[in-house]
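Trainee: Read off the chains here:
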Amino acid sequence: MISSPLFRSRNHLVFLGLLGGLLSGGIVFFFTAATQATVREAVLLLLPALALEMFLGLLTWYLCRFLPLEGPRLANTVAAHLLAGLSINFFWLASIYAYSQLLDLLFETRSWSVLFNRALFFLAGIGLGLYVVFILLHYLIMALEKTQAAEQEALEQKLSASQAELSSLKSTLHPHFLFNSLAMLPPLIAAAPQKAESLVGRLSDFLLYSLRYSRKVEVPMAEELEHVRNFLEIEGLRLGERLQVEYRVDPSVLNNSVIPFILQPLVENAIKHGIRPALGGGTLSIVITAAPAFLQVMIRNPYKRNSAAGKSSGLGLETLRKRLAGAYGDAGRLGILQDQNEFTVELQIPRQRKVS
Amino acid sequence: MMRVLIVDDEDLSRQALENFLKEVADVELSGVCRNGFEALESIPKLKPDLVFLDIQMPQLNGFDVIELLGEQAPAVIFVTAFDEYALKAFETAALDYLLKPVQAERLAKALDKYRRQAAVPSPISFAPFITSHQAHSAPLSRILVRDGQEIHIVPTAEIMYVKAEDDYVMLHALQKSLLKLERLIRLEKMLDPRFFCRIHRSYLLNIAFLERIEAPKKESRVAVLKNEEALPISRQGFGHLQKLLNAD
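As they're listed, the protein sequences go chains F and Y. Note that numbering that gives the first Met the number 0 has the first sequence beginning at 0, numbered continuously upward. Note that numbering that gives the first Met the number 0 has the second sequence beginning at 0, numbered continuously upward.
Chain F with its partners taken away, still in its complex shape:
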């Protein structure tokens, strides 16, 4: 009984007290009107009866919890409540009858069992009515709790998406990548000044994108792709012939808006875990195709499960997955295919109007 949610908070208790008081007052009033009993007599008979009803009513919480008020089993629920209501009511009436017998023994001021008989239908009605009130209260509370839980969940998802957003922002500035790219400059300046110049250009574009778009919600795919191209050009200077890149991009996707930094972590992983650990390097392929409702990105790289000395934490993909869920809900998907020699990431995002 204590587990009834009606007891769960102070507000519930106050509400319950007020409702109980009002109902009890009303019932006593109508009882006196219906049976011509005095108020004292009514209180003496009804107060213990109502206390018992309250106890029984709170017990219905267990019933309500197991009998859902929706779905295909609604008929079962109604039947079960009917049965339970009638049995509880019968038990209640029987208890009051026994109590009236007791009163007959204790107080011979009037015949209590006659009073009970006269009020039988009234009491039966009250009992059933109270039963209905209790189960309605319980269902109401269950519904409220359900929406609260749903709201909480939505809120938590939002929070986790924005945390993912934040951590991806932090990584977009890439202090490691910057540092190691700058390290290439001195030898390049000596050996190939033109390449050095191109490196500085690519690097500044790369940074500019990170600065400009770190606070934007959406960017055109063309710009995200350009960002990835900058990244790969810089990596290409470092890896030399070990990195081959193959682009196959449906031109119609270029206008499509996407969340920024959606491709970069994938390409970065491909380099880190696929190309760099392979002695001879390999080909990184980026394929973007369009369907009416969504567009699909496939990033593929050679991969040998045991060649990598370091262990992948998978954190980058997890972050991206959270960001996708935050931005596109179920419409954004990230899948991983891995076989003996290849690693493929498939990304699916909804087609959207072009960004102005």
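Hints are supplied without guarantee of correctness; some may be wrong.
Computed list of lysine-lysine pairs in DSSO-like fashion (alpha-carbon distance at most 30 Å, straight line) [stated by the list, open to error]:
(1) Y:K162 <-> Y:K217
(2) F:K157 <-> F:K215
(3) F:K194 <-> Y:K21
(4) Y:K188 <-> F:K271
(5) Y:K112 <-> Y:K87
(6) F:K303 <-> Y:K179
(7) F:K271 <-> Y:K87
(8) Y:K87 <-> F:K303
(9) F:K303 <-> Y:K162
(10) Y:K225 <-> F:K303
(11) Y:K21 <-> Y:K44
(12) Y:K179 <-> Y:K44
(13) Y:K175 <-> F:K303
(14) F:K303 <-> Y:K188
No lab work stands behind these hints, which were simulated from the structure alone. Computed from a predicted structure; not experimentally measured.
Assemble the complex: chain F is given as a structure, and chain Y must be docked to it using the hints.
Mentor: Only chain Y this time, still in chain F's reference frame:
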């Protein structure tokens, strides 16, 4: 004359070092290697006085090269890109290193230090360095074995069991069996304890390959592997095995 070898997988880094070293009067470049495998081949052959060894390389990194060279390891100046893990390994072992981009003054300093040390010859021990490196990478995902000219990279997931053979261990993997200079007790510490179980004083079993346990006689149990090979289980080993199997 100081004979120097450069090991680095990036063209640009090799180029940069070469350019700097060309300017140093008492340095003669005896060779360049593009990865760890080439280094393992060239170092014993060329016997350079000093090696500039890059850490971040595919398949065999600088740490692995040192580990595999063992006693043959020459004097080394490590060269590394920014990498927290590598920097930490150097600092714990109090080893000198050059951070990329290599700068002329730093390089000159490192060479000076080497010259001073070479004047008072003392064997360099990489042992604490290798130990700290291995401790960082435990549990191992692969084991490196040098077999003459050949380097085997054995994924630990493919190792069925390891048998102690005096100062060596015999790794029984799916495709091959390899002998490695290592103590079983040390190896046990570096392998994933969720899979590798010391079932006997001389046997370390990967429970992924355990088929069943038989007890032909009381007090003498054997572990039968998926390939029907049978290994002895000591009484204490049975305790370890039970604990591990019940942990799932």
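Trainee: Run every hint past the structure and note whether it holds.
Mentor: Right, here's what the structure says about each hint:
1. Between Y:K162 and Y:K217 the CA atoms are separated by roughly 24 Å; this keeps the pair inside 30 Å, and the hint holds.
2. Note on F:K157 and F:K215: the hinted pairing holds, with a Cα-Cα distance of about 17 Å set against a maximum of 30 Å.
3. Distance hint between F:K194 and Y:K21 is fulfilled; the C-alpha atoms sit about 23 Å from each other, no more than 30 Å.
4. Of the pairs offered as hints, the one joining Y:K188 and F:K271 holds, with about 28 Å between alpha carbons and a cut-off of 30 Å not exceeded.
5. As the CA atoms of Y:K112 and Y:K87 are separated by approximately 21 Å, the hinted pair is consistent with the 30 Å bound.
6. Between F:K303 and Y:K179 the CA atoms are separated by roughly 24 Å; this keeps the pair inside 30 Å, and the hint holds.
7. As the CA atoms of F:K271 and Y:K87 are separated by approximately 20 Å, the hinted pair is consistent with the 30 Å bound.
8. Using a Cα cut-off of 30 Å, the hinted pair Y:K87 and F:K303 holds, with the two alpha carbons roughly 27 Å apart.
9. Our distance criterion of 30 Å between C-alpha atoms is met by F:K303 and Y:K162, whose separation comes to about 28 Å.
10. The straight-line distance between the Cα atoms of Y:K225 and F:K303 is roughly 25 Å, inside the 30 Å bound, and the hint therefore holds.
11. Using a Cα cut-off of 30 Å, the hinted pair Y:K21 and Y:K44 holds, with the two alpha carbons roughly 22 Å apart.
12. Restraint check for Y:K179 and Y:K44: satisfied, since their Cα atoms lie roughly 22 Å apart, inside the 30 Å limit.
13. Distance check on the hinted pair: Y:K175 and F:K303 sit about 19 Å apart at the alpha-carbon level, within 30 Å; holds.
14. Straight-line distance between C-alpha atoms of F:K303 and Y:K188 comes to about 26 Å, which keeps the hinted pair within the 30 Å bound.
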